[in-house]
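Number of protein chains: 2
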Amino acid sequence: MSQSKANALSTWVEVPKNSDFTIYNLPFGIFKSKKLSPRIGIAIGDKIVDLCILDQEGFFANMFLPEGIFLKDSLNDLIGLGKVQTRKIRERVQDLLLADNEKLRDHQSRGKAMVNRKEAEMLMPVKIGDYTDFYSSIEHATNVGKMFRDPENALLPNWKHMPVGYHGRASSIIPSGVPFNRPKGQFKDPDMEAPVFGPSKRLDFELELAFITGKSTKLGDSVSTAEAEDYIFGFVLFNDWSARDIQNWEYVPLGPFLGKNFASSISPWVVTLEALEPFRTQGPTQEPAVLPYLKSEKPANFDINLEVYIQPEGKTASKVCASNFKYMYWNIAQQLAHHTSNGCNLNVGDMMASGTISGPTEDSFGSMLELSWKGTKPVKLETGEERRFIEDGDTVIMKGFAEKDGIRVGFGEVSSQVLPAKT
Amino acid sequence: MSQSKANALSTWVEVPKNSDFTIYNLPFGIFKSKKLSPRIGIAIGDKIVDLCILDQEGFFANMFLPEGIFLKDSLNDLIGLGKVQTRKIRERVQDLLLADNEKLRDHQSRGKAMVNRKEAEMLMPVKIGDYTDFYSSIEHATNVGKMFRDPENALLPNWKHMPVGYHGRASSIIPSGVPFNRPKGQFKDPDMEAPVFGPSKRLDFELELAFITGKSTKLGDSVSTAEAEDYIFGFVLFNDWSARDIQNWEYVPLGPFLGKNFASSISPWVVTLEALEPFRTQGPTQEPAVLPYLKSEKPANFDINLEVYIQPEGKTASKVCASNFKYMYWNIAQQLAHHTSNGCNLNVGDMMASGTISGPTEDSFGSMLELSWKGTKPVKLETGEERRFIEDGDTVIMKGFAEKDGIRVGFGEVSSQVLPAKT
Numbered sequence: 197m198s199q200s201k202a203n204a205l206s207t208w209v210e211v212p213k214n215s216d217f218t219i220y221n222l223p224f225g226i227f228k229s230k231k232l233s234p235r236i237g238i239a240i241g242d243k244i245v246d247l248c249i250l251d252q253e254g255f256f257a258n259m260f261l262p263e264g265i266f267l268k269d270s271l272n273d274l275i276g277l278g279k280v281q282t283r284k285i286r287e288r289v290q291d292l293l294l295a296d297n298e299k300l301r302d303h304q305s306r307g308k309a310m311v312n313r314k315e316a317e318m319l320m321p322v323k324i325g326d327y328t329d330f331y332s333s334i335e336h337a338t339n340v341g342k343m344f345r346d347p348e349n350a351l352l353p354n355w356k357h358m359p360v361g362y363h364g365r366a367s368s369i370i371p372s373g374v375p376f377n378r379p380k381g382q383f384k385d386p387d388m389e390a391p392v393f394g395p396s397k398r399l400d401f402e403l404e405l406a407f408i409t410g411k412s413t414k415l416g417d418s419v420s421t422a423e424a425e426d427y428i429f430g431f432v433l434f435n436d437w438s439a440r441d442i443q444n445w446e447y448v449p450l451g452p453f454l455g456k457n458f459a460s461s462i463s464p465w466v467v468t469l470e471a472l473e474p475f476r477t478q479g480p481t482q483e484p485a486v487l488p489y490l491k492s493e494k495p496a497n498f499d500i501n502l503e504v505y506i507q508p509e510g511k512t513a514s515k516v517c518a519s520n521f522k523y524m525y526w527n528i529a530q531q532l533a534h535h536t537s538n539g540c541n542l543n544v545g546d547m548m549a550s551g552t553i554s555g556p557t558e559d560s561f562g563s564m565l566e567l568s569w570k571g572t573k574p575v576k577l578e579t580g581e582e583r584r585f586i587e588d589g590d591t592v593i594m595k596g597f598a599e600k601d602g603i604r605v606g607f608g609e610v611s612s613q614v615l616p617a618k619t
Numbered sequence: 197m198s199q200s201k202a203n204a205l206s207t208w209v210e211v212p213k214n215s216d217f218t219i220y221n222l223p224f225g226i227f228k229s230k231k232l233s234p235r236i237g238i239a240i241g242d243k244i245v246d247l248c249i250l251d252q253e254g255f256f257a258n259m260f261l262p263e264g265i266f267l268k269d270s271l272n273d274l275i276g277l278g279k280v281q282t283r284k285i286r287e288r289v290q291d292l293l294l295a296d297n298e299k300l301r302d303h304q305s306r307g308k309a310m311v312n313r314k315e316a317e318m319l320m321p322v323k324i325g326d327y328t329d330f331y332s333s334i335e336h337a338t339n340v341g342k343m344f345r346d347p348e349n350a351l352l353p354n355w356k357h358m359p360v361g362y363h364g365r366a367s368s369i370i371p372s373g374v375p376f377n378r379p380k381g382q383f384k385d386p387d388m389e390a391p392v393f394g395p396s397k398r399l400d401f402e403l404e405l406a407f408i409t410g411k412s413t414k415l416g417d418s419v420s421t422a423e424a425e426d427y428i429f430g431f432v433l434f435n436d437w438s439a440r441d442i443q444n445w446e447y448v449p450l451g452p453f454l455g456k457n458f459a460s461s462i463s464p465w466v467v468t469l470e471a472l473e474p475f476r477t478q479g480p481t482q483e484p485a486v487l488p489y490l491k492s493e494k495p496a497n498f499d500i501n502l503e504v505y506i507q508p509e510g511k512t513a514s515k516v517c518a519s520n521f522k523y524m525y526w527n528i529a530q531q532l533a534h535h536t537s538n539g540c541n542l543n544v545g546d547m548m549a550s551g552t553i554s555g556p557t558e559d560s561f562g563s564m565l566e567l568s569w570k571g572t573k574p575v576k577l578e579t580g581e582e583r584r585f586i587e588d589g590d591t592v593i594m595k596g597f598a599e600k601d602g603i604r605v606g607f608g609e610v611s612s613q614v615l616p617a618k619t
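Going down the list, the protein sequences come from chains A and B. Under the working numbering, the first residue of the first sequence carries the number 197, and numbering increases by one thereafter. Under the working numbering, the first residue of the second sequence carries the number 197, and numbering increases by one thereafter.
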């Protein structure tokens, strides 16, 4: 696919200005509608290309795809075919959408093949096997260390030697648009003698990106940083909801558990690694030098703008954070190589999230914990309200997009409303 | 099912003395053989009852079971039918195996229905959704606290208020009999200036039991301690392999990751909660009193003897630990209630392990870390060898059985050999 302005691609589909879903993007997702059972589509502009219809009409002829591969309620079987196949499918769709290609444009089934996004409900894109959360932003880890540990030695001794990570809960990962109840749990404020059980008082978001694996490994095998990207199919926005009070009381010594596993929200369109290629960039210098198994020759950071909005119920949304994926200290190749360095096996559909993506400035911090500095500096909203943490009825919206030389590739959004705790 | 000696059950199947698989047990598992594709069986003595054959021959008539429910490579669909159904199936099989019941005993298909265990290969019993590991033995938590923290304040402040737990890796859980390679990873001995990468030098087992959930919940819903057992189908032995050097360097602040996720081994036969009923017992007194959501009226500990053996390659196995599941401070009802107290949803086939089950005496500690007290007191084997941790070629075998009033119900074993690290 050509990426320079000189070879700009144009499509016969109407793509609104600033749409995340350009001819350069073409992310995969699972959708259904009143008329259609769950199936695989590709987004462009305000439309979804129904890949089942393209398949039925013979547009994937000679590609030797398994029968019914697009009539699925997850992408797992499709991405399990491997990158050679998924890349070919995406390129075939891109070709069919080019302005001067009349094959689909003038085909009698065009109307059926192009579904309005407004009429579709987006579902979970993958059946997640295992979910891992990293902690790879140095700005975030430093902020947390300053707040809870020693401001002079904010980073723990292991942090610059490995992409620290932990296992999370796959069952409670939900797609954009699904609300959830404020979690209840145990917490113990500093002035309390004993812990109490009740609704969390410090509910927070964490701005993250997550990648989805498209290739499995055998138990005992390791993947090098050089091979790592072969195992990465694409990315989604990831809101790692966190109850700070629950987390703070429970996390020693085995890490976060109920403070995190009540819900995580993801954007429904999986943006492929190929689509993000033009936005590849060099990450921060790693000093001290990393161990050989973590050396990563190829730049593996990506310049992706990330934004977080808080929308109180029935009111305007306010932007509270503008960060960028390029700040990550540990890159995706290092994360995947580290994860498999002990022989831990991968399955197609595993999800690995970045950890909170904070930037260097105060307005780029990726959580309320950091933005309100533990609740000491309330964040002002455009409505005149203030927020220390997230309140009942609030919707948190995360957006992400990359833009360069007139090419825009974005994620759409992950949006989720917090309902009151169940009684 | 009657449990007293007065109503002792006898079967027409030959059950060797001290067999774990008595007429009172009847655990479920997935097996295959040279002739048979993966399917569901029930163990008795040295035989497996092939439930596919019983089904074909009409022994489950009038039970309205879905077609092909036993011709599966996991128990998930079966246990997803619910306890009422699985209990009926197990009781039907028990009835058919009773000494005075001629229906199967004298049936022409008896030979086909009763497979020799020696000729079968046992597979993973369930497709595990999410796997959680608790830390519920007070003796174990105290030992670890004494070794690594403050001997005077060995337990952390949260420990007596909640069953501390964390999420683990489901993909690397393997059945008994599958060997694995010693993991490599980063570690930093106290005398090292910087971490190194290499094969773990402190590979350990952890003696645990794990339960498998048989019923799902919706996101946002909680399960009370009184309801918890409705969600628990049965138990397996669980060896939570641990690389102490990797774990020690990585685990702050987010908990164990690569020090644990290279492999966990389980016994293949799922012993049902019903079969363990006669061995139910009161757990330790919990002081301070637990919060109301963790109060558990019914005794929910079980008197199950647990043993660990180390077998150096080609040599005799030595028993190195004799513990008991009854020592658990936090019981299974409390674990499940805590896990869902924040609305975290369960799926059929989730696995929740107990954490290392150590008893009060030195010979009942459930890990080499404790048995050799961090490697300072080598454990003597019957071969004359010593072990501080587990060496290449060693097989670790865990056994578990309950026995009372002439009734024996056991797990068989989980046995796994450690191969050298891959080069």
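Be aware that a few hints might be false.
Copies of one chain are not kept apart here, so a pair can be met inside one copy or by any two copies together.
[To be verified] Lysine-lysine pairs mimicking DSSO-like chemistry, simulated, CA-CA at most 30 Å apart:
1) Lys-323 - Lys-268
2) Lys-414 - Lys-231
3) Lys-397 - Lys-414
4) Lys-411 - Lys-576
5) Lys-618 - Lys-279
6) Lys-570 - Lys-230
7) Lys-342 - Lys-384
8) Lys-515 - Lys-231
9) Lys-268 - Lys-308
10) Lys-411 - Lys-308
11) Lys-279 - Lys-323
12) Lys-268 - Lys-414
13) Lys-268 - Lys-618
14) Lys-618 - Lys-491
15) Lys-356 - Lys-230
16) Lys-268 - Lys-494
Honestly, the hints are just simulated from the structure, not real lab data.
Evaluated hints:
Taking CA atoms no more than 30 Å apart as the test, Lys-323 paired with Lys-268 passes in both settings, with 11 Å inside one copy and 20 Å between copies. Only between protomers do Lys-414 and Lys-231 lie at most 30 Å apart by alpha-carbon distance; the minimum there is 26 Å, versus 40 Å within a single protomer. In this assembly of identical chains, the alpha carbons of Lys-397 and Lys-414 lie at most 30 Å apart only when taken from different copies (23 Å versus 43 Å within one copy). For a Cα distance limit of 30 Å, the shortest separation of Lys-411 from Lys-576 qualifies neither inside one copy, at 44 Å, nor across copies, at 44 Å.
In this assembly of identical chains, Lys-618 and Lys-279 lie within 30 Å of each other by CA distance solely across copies; the values are 27 Å between and 44 Å within a copy. In this assembly of identical chains, the alpha carbons of Lys-570 and Lys-230 never lie at most 30 Å apart, being 45 Å within a copy and 62 Å across copies at closest. For the identical chains of this complex, Lys-342 and Lys-384 are neighbours both inside a copy (21 Å) and across copies (24 Å), given an alpha-carbon limit of 30 Å. Taking the shortest Cα distances, Lys-515 and Lys-231 never come within 30 Å of each other, neither inside one copy (36 Å) nor across copies (64 Å).
For the identical chains of this complex, Lys-268 and Lys-308 are intra-copy neighbours only, at 18 Å inside a copy versus 38 Å across copies, given an alpha-carbon limit of 30 Å. For the identical chains of this complex, Lys-411 and Lys-308 are neighbours neither inside a copy (32 Å) nor across copies (40 Å), given an alpha-carbon limit of 30 Å. Taking CA atoms no more than 30 Å apart as the test, Lys-279 paired with Lys-323 passes in both settings, with 18 Å inside one copy and 26 Å between copies. For a Cα distance limit of 30 Å, the shortest separation of Lys-268 from Lys-414 qualifies both inside one copy, at 25 Å, and across copies, at 23 Å.
In this assembly of identical chains, the alpha carbons of Lys-268 and Lys-618 never lie at most 30 Å apart, being 34 Å within a copy and 38 Å across copies at closest. Taking identical chains as interchangeable, the C-alpha atoms of Lys-618 and Lys-491 lie at most 30 Å apart only when they sit on different chains, with a minimum of 20 Å there against 48 Å within one chain. With identical chains, the CA atoms of Lys-356 and Lys-230 are never at most 30 Å apart, being 50 Å at best within one copy and 51 Å at best between copies. In this homomeric assembly, Lys-268 and Lys-494 never come within 30 Å of each other (Cα to Cα): the closest approach is 35 Å inside a single copy and 45 Å across copies.
Of the numbered hints stated above, those contradicted by the structure are hints 4, 6, 8, 10, 13, 15, 16, listed in ascending order.
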